[in-house]
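*Asks:* Residue-level listing of the chains:
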Amino acid sequence: MAPVAHVEEWIDECATIAEIEAALVDLRYRHSHGGEPDLRTSVLTHLAWVPPEWQEAAAETLAGLGERHPSRTLLLFPQADEQDELAARVSLECYELPGIERHLCSEVIELRLHGARAEAPASIAVPLLLPDLPVFLRWRGRPDFGSPVFGQLADIVDRLVVDSAEWPDVPAAYRELVELFDRVAVSDIAWRRTLPWRRGLAHAWPELPDRLTGPPAETALVAGWLDSRAGIEVELERADTLPVGGDRKPSDLLSDELDVFVRDPVYESSVRKLAGRP
Amino acid sequence: MVTQSSATEAHTAENPLAEGLELRRRPEPCVLAIFGASGDLTRRKIFPALYALAFRKLLPEHFAVLGVARSPMSTEEFVASMEEAVREFGRDEFTNEAWDALARCTRYLATEVADEEGEDRVATTLSGLDEEFGTRGNRVYYLAVPPEAMPKLVEELGERRTTNGWTRLIVEKPFGHDLESARELNRLLAGTFTEDEVFRIDHYLGKDTVQNLLALRFANGIFEPVWNRQFIDHVQITVAESMGIGNRAAFYERAGAIRDVFQNHLLQLVALTGMEPPIDFTAEAVRNEKLKVLKALATPAPTEVVRGQYGPGSIEGRPVPGYREEPGVASLSETETFVAARLEIENWRWADTPFFVRIGKRLPRRETTIAVQFKRVPHPLFEDASELRPNVLIIHIQPNEGVSLAIGAKVPGEGMRVRTVHMDFLYGGAFRTGLPEAYERLILDAMLGDATLFTRADEIEEQWALVDAIVAAWRRDKPAFPNYAAGTWGPQAAQELVEWHR
Numbered sequence: 001m002a003p004v005a006h007v008e009e010w011i012d013e014c015a016t017i018a019e020i021e022a023a024l025v026d027l028r029y030r031h032s033h034g035g036e037p038d039l040r041t042s043v044l045t046h047l048a049w050v051p052p053e054w055q056e057a058a059a060e061t062l063a064g065l066g067e068r069h070p071s072r073t074l075l076l077f078p079q080a081d082e083q084d085e086l087a088a089r090v091s092l093e094c095y096e097l098p099g100i101e102r103h104l105c106s107e108v109i110e111l112r113l114h115g116a117r118a119e120a121p122a123s124i125a126v127p128l129l130l131p132d133l134p135v136f137l138r139w140r141g142r143p144d145f146g147s148p149v150f151g152q153l154a155d156i157v158d159r160l161v162v163d164s165a166e167w168p169d170v171p172a173a174y175r176e177l178v179e180l181f182d183r184v185a186v187s188d189i190a191w192r193r194t195l196p197w198r199r200g201l202a203h204a205w206p207e208l209p210d211r212l213t214g215p216p217a218e219t220a221l222v223a224g225w226l227d228s229r230a231g232i233e234v235e236l237e238r239a240d241t242l243p244v245g246g247d248r249k250p251s252d253l254l255s256d257e258l259d260v261f262v263r264d265p266v267y268e269s270s271v272r273k274l275a276g277r278p
Numbered sequence: 001m002v003t004q005s006s007a008t009e010a011h012t013a014e015n016p017l018a019e020g021l022e023l024r025r026r027p028e029p030c031v032l033a034i035f036g037a038s039g040d041l042t043r044r045k046i047f048p049a050l051y052a053l054a055f056r057k058l059l060p061e062h063f064a065v066l067g068v069a070r071s072p073m074s075t076e077e078f079v080a081s082m083e084e085a086v087r088e089f090g091r092d093e094f095t096n097e098a099w100d101a102l103a104r105c106t107r108y109l110a111t112e113v114a115d116e117e118g119e120d121r122v123a124t125t126l127s128g129l130d131e132e133f134g135t136r137g138n139r140v141y142y143l144a145v146p147p148e149a150m151p152k153l154v155e156e157l158g159e160r161r162t163t164n165g166w167t168r169l170i171v172e173k174p175f176g177h178d179l180e181s182a183r184e185l186n187r188l189l190a191g192t193f194t195e196d197e198v199f200r201i202d203h204y205l206g207k208d209t210v211q212n213l214l215a216l217r218f219a220n221g222i223f224e225p226v227w228n229r230q231f232i233d234h235v236q237i238t239v240a241e242s243m244g245i246g247n248r249a250a251f252y253e254r255a256g257a258i259r260d261v262f263q264n265h266l267l268q269l270v271a272l273t274g275m276e277p278p279i280d281f282t283a284e285a286v287r288n289e290k291l292k293v294l295k296a297l298a299t300p301a302p303t304e305v306v307r308g309q310y311g312p313g314s315i316e317g318r319p320v321p322g323y324r325e326e327p328g329v330a331s332l333s334e335t336e337t338f339v340a341a342r343l344e345i346e347n348w349r350w351a352d353t354p355f356f357v358r359i360g361k362r363l364p365r366r367e368t369t370i371a372v373q374f375k376r377v378p379h380p381l382f383e384d385a386s387e388l389r390p391n392v393l394i395i396h397i398q399p400n401e402g403v404s405l406a407i408g409a410k411v412p413g414e415g416m417r418v419r420t421v422h423m424d425f426l427y428g429g430a431f432r433t434g435l436p437e438a439y440e441r442l443i444l445d446a447m448l449g450d451a452t453l454f455t456r457a458d459e460i461e462e463q464w465a466l467v468d469a470i471v472a473a474w475r476r477d478k479p480a481f482p483n484y485a486a487g488t489w490g491p492q493a494a495q496e497l498v499e500w501h502r
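Chains as they are written, first to last, in our numbering: chain A, 1 to 278; chain B, 1 to 502.
Certain hints may be false.
[To be verified] Label-pair ranges, simulated between beta-carbon atoms:
1. A:141 / B:399: 40 to 50 Å
2. B:214 / A:115: 48 to 58 Å
3. A:179 / B:413: 54 to 64 Å
4. A:241 / B:458: 55 to 65 Å
5. B:365 / A:5: 22 to 32 Å
6. B:319 / A:5: 26 to 36 Å
7. B:94 / A:259: 24 to 34 Å
8. B:476 / A:101: 42 to 52 Å
Derived from the structure by calculation, the hints contain no laboratory data.
Backbone N, C-alpha and C define an ideal beta-carbon position, used for all residues, glycine too.
Chain A with its partners taken away, still in its complex shape (with noise of 0.2 Å):
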């Protein structure tokens, strides 16, 4: 990966939307080569929703994603509390590129949205979205499918991006996933993590085992797949472990999705067939 050049800084504990455009402005014009500014180029806006518990995991997989991704990544992280205020961090991260002395930066908003502003954060969210690209949305945890929240952000975004490794009721929170894909394109990270597994049992066809041994998404993921595409029923046994493929790092497996743009409908018979619906 390139060098990190330079990081600027912008914050403000009570922000406006303007007053964070503007300082995305102020902070691009700050280093600039024989007076030309640093290179913004964007191919998507990521959005996450990070409730407090996945914070930590989130900027995990953060580090180093604006770099392969150049983005403007919007961090949303909702606040139980009583204030009605909006904080903000906006920050620039910029990186060398080979043979030019313009550096090429990657914008991140990060928005503590207190009180009752958690309530409504696509009103935030949309004005910051850039015009006319994808807009992908991680959403950390177990989605509340049926919650205004999470109806609100589903409805401006291009593509969902969910890991249901994270979800402590698979397979059962399937059946909810499912009502989804008409709705919003979605990604499964925990999908993406059993790629190297499902090549390999492509590879061994027609010689299949008639039992998967791995941790519960990913297992249950792949019997679906072999039930909608071949019709094949296998039994499960739980581990801890992938068989093949599971040291893949939480931001390699979400770069990955972010250069998905279409639907996947392997994927999407394979959750029906999971939840029992044709």
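Guided by the hints, dock chain B onto chain A, whose structure is given.
*Replies:* This is chain B only, laid out in the frame that chain A set:
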């Protein structure tokens, strides 16, 4: 014809688990036999490309490489030399796992490549590799041999082609040295191989940024409506190198810039810039459209072609010798190291819209660009319009791959002064994965049987027809070489070609 998508469908029908797993880009079992394996190309390009494919697990599961050349060497020595080359020229980190996977299936055979006895030995060795690696008689022959060895080699390979597998030939440039020799080579190839078995390589077509030119044109609704004589004033294509000829004097003295770069890379860039939208992105559809452009290229008048040869000068502050002082070059050599021309594509889209092209060695910097200059606004509305240049869309093929657009913008403050500013898109900035080397893509495509990015026989012949016509005019006069100093943008006359148009 089995297309890639229908092949994928067939694969899915056999194996219901294959869909969505991107299994299709893994080629069938085969042996890659490299003729001319002791040469620089194998070291600098072919093996680093094979390593990159091995690193990404894109090589066939059952695969072998056979290096064939005259140089006496054991397989162990060849493998050691290739490991050194991969460490020096590879774009990926060196891992023992990837290298061992490739090295285990690599063999070397020291033999004459263009005679019967040598080819018998090659055929026997290949059969042995089929048994050892399960490569099922499938062959990719990479012909990286001097032009004089090509006809005999093609003939011998044709006689020994296997009947129990497929055969593909990757033919390196130069493909002939004029129209007649190219036709002869095409006839020879057609005698034993079908056109879809022949992959004439022009590595420029394997570059991601060259393919991005097609994406820019045909995946964006805003460009195609203005991509014609009505809105475009002219196009400038530059293929500039700051390097000299290195140790290629023997080849370069015979070929010159026109055969080395103009005949292939440059004319392919003209074709890709000027072609009509193909009906799909299949080999035949793309090549049909390129061919139409090549056929529509008028032979430029002698006054519309400038040739040059560099004299002594400086590159990046360091003195460099003139072409005639390079080792191996005749002291009164008349070989050109620079060509500029005004080309006209005579069709409805491009009539009266010149394509100014220039290629050369020892120019100030290495750069390949396509600059599309749009027409000026019809009426200067704002004050001091002299500072405002027409819109130019510049496609940077190398280095700093990307696209920039020059637009007019108001200078802040009072009045209405407009200045030209650049909007830049850097390919490497938006997509932060390393760009694959052209040879990786092309070798993989040949193994997969996808000829979209290779040049067809009729394209090659049209390219040579134009070059022959230009060279014929050169024979009538004696050039006053050298006529540009190393480190400059070529002879003044080349600049004047464009200035006359303005």
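*Asks:* Now tell me if each hint is right for this structure.
*Replies:* For each hint, the structure was consulted:
1. A:141 / B:399: 40 to 50 Å: holds (45 Å)
2. B:214 / A:115: 48 to 58 Å: holds (52 Å)
3. A:179 / B:413: 54 to 64 Å: The hint (54 to 64 Å, Cβ to Cβ) holds, given that residue 179 of chain A and residue 413 of chain B are roughly 56 Å apart.
4. A:241 / B:458: 55 to 65 Å: Given a distance of about 57 Å, which is inside 55 to 65 Å, the answer is holds.
5. B:365 / A:5: 22 to 32 Å: holds (24 Å)
6. B:319 / A:5: 26 to 36 Å: With Cβ atoms ~35 Å apart, the hint holds.
7. B:94 / A:259: 24 to 34 Å: Since the Cβ atoms of residue 94 of chain B and residue 259 of chain A sit about 26 Å apart, the hinted range of 24 to 34 Å holds.
8. B:476 / A:101: 42 to 52 Å: This hint holds: roughly 48 Å between Cβ atoms.
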